[in-house]
Amino acid sequence: MPPDSSSQFQPAIQDASRSKKLQLLGILSGFAAGAWLGAAEAPTKLVSIGISPMVISLIMVIGVFLARWSLPALILGTSSVRADVRRAPHLVIWALLAGCLWAVANTLTIFAIRDIGLSIAFPLWNSNSLLGILWGFLFFNELRQAGWRRRAGVLGGALVMCVGATLLAIASSGRGPAAHSLHGVWAALGAGILWGTMYIPYRKAYLTGMNPLSFVTFFSFGELGMMTVLSVSSLGLAPLWQELLSARSVIFWLMLGGFVWVIGDVFQQYAAKYVGISRGIPLSNSNQLWGLLWGILVFGELHGRSSSIYLEVIGGSLLMMLGVGAIAFSSATGQEQTRWKEAAIRESDRYGVAADFVEARMDGRQLLGEAKPSRSALDWLLVVAATSVFLIFGAMARVPQMSLHWGPAALLTAVLFLLLVISGLALWRTTRFN
Amino acid sequence: MERNQETNMTRSWMASVLTDIHFWVPVAVLMGGLLLLRFIR
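Top to bottom, those sequences are chains A and B. Going by the working numbering, the first sequence opens with residue 1, and the numbers climb by one from there. Going by the working numbering, the second sequence opens with residue 1001, and the numbers climb by one from there.
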């Protein structure tokens, strides 16, 4: 009789404290993701208008591409990426697919903001968290046997966050929408659906043991490839090149935005890994709150606006925080985690990935006897090359002429780095970034 | 011999991906997104 593969996942004593620690780690990663994803908007605000949205998106993606290769090389080394691919080669396809979904969603967002304005577009695509909860429930056993309190906490929290996001978006829109077009509504809804579905490959990868740092490396190929195709097909090669040349003084700021975004996304990946997509996505969606903090405190966006706008901002922020709190306090119970493991067994059986490897990675640790990741000359070369590209464009960059409030900027930056250090150290101590 | 085994393994995981319903949901959504983008432009 063949051995039951599920038995390989059931050690005699389940380490409950380890599981609790990983849940907390996922929640902390979600908070850090929100802060860094929100801050990614700041460098893009320094760019003056007059560049095609498609070009802005493409340059940001180039920054993202550079960061997504250099950061994993710096943290773990590319040998770890190669080892992951050897164990689960099918995940490369999933990562490419997720990258393509991101690129199309981002482009649709640009069109949505143009057609219906931020106030309507943002809440519409924020619905991605609700879709993420649905996919997590349907495909990956998330929220199964979670009990009604936890289900209500996650679902209610996500809904409250959507309402809060709507209020914030209405308050933060400086003017009415450019045109009330049905196209814009479709674009925003489409972006929400694409983003919500993008988390299927995320969860798939982490249930099969892939390291988030390996996943983002291949994700970037799908992202850059799809973005290049969209830009060239939209503008044409020669006009695109001309636009890139004329934008060279602001390329650095846009690439910096992409770099900051990647740090947020890496934390988002760890959140999706350790608390699942149903909790990880809403927590990361708190980025809207952080984006607004940068807008109001650093760029003085709501200066001189009516008191009702400030009430909307305060109300929206409180609702967002309430939703985040509800989700953070609804961490998965032992029974629900058993259902996650069943989903992981299904994946490892289907794709022939060693069960003990998947179990170890879900537990955030290395397999017994697994070679420790190390950095080679190639890794340092990648880091130096990416840094050089940033330095070259940094030297070309023009310092924008605009009024900035440096005090709040320094404070928010300090908070960002504090979250980076706290979450990074917690990840390192608990999982060694596995 | 080793190369044959490697080819078989590649075919096997490719077949596993292509027969996985989870794969076709994001693919269908991506196609829908591209069509929507084309329609909007």
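Don't take every hint at face value.
[To be verified] With beta-carbon atoms standing in for the labels, derived distance ranges:
(1) B/R1038 - A/L404: 34 to 44 angstroms
(2) A/V232 - B/W1024: 50 to 60 angstroms
(3) A/G352 - B/W1024: 16 to 26 angstroms
(4) A/R86 - B/D1020: 14 to 24 angstroms
(5) B/A1015 - A/R86: 17 to 27 angstroms
(6) B/S1016 - A/G147: 29 to 39 angstroms
(7) B/S1016 - A/A377: 34 to 44 angstroms
Bear in mind the hints are in silico, worked out from the structure with no lab data behind them. All values derive from a computational prediction rather than experimental measurement. Note that beta-carbon positions come from the ideal geometry of N, C-alpha and C, so glycine has one too.
Evaluated hints:
| no. | hint | in the structure |
| --- | --- | --- |
| 1 | B/R1038 - A/L404: 34 to 44 angstroms | holds, 40 angstroms |
| 2 | A/V232 - B/W1024: 50 to 60 angstroms | violated, 28 angstroms |
| 3 | A/G352 - B/W1024: 16 to 26 angstroms | holds, 20 angstroms |
| 4 | A/R86 - B/D1020: 14 to 24 angstroms | holds, 20 angstroms |
| 5 | B/A1015 - A/R86: 17 to 27 angstroms | holds, 19 angstroms |
| 6 | B/S1016 - A/G147: 29 to 39 angstroms | holds, 34 angstroms |
| 7 | B/S1016 - A/A377: 34 to 44 angstroms | holds, 36 angstroms |
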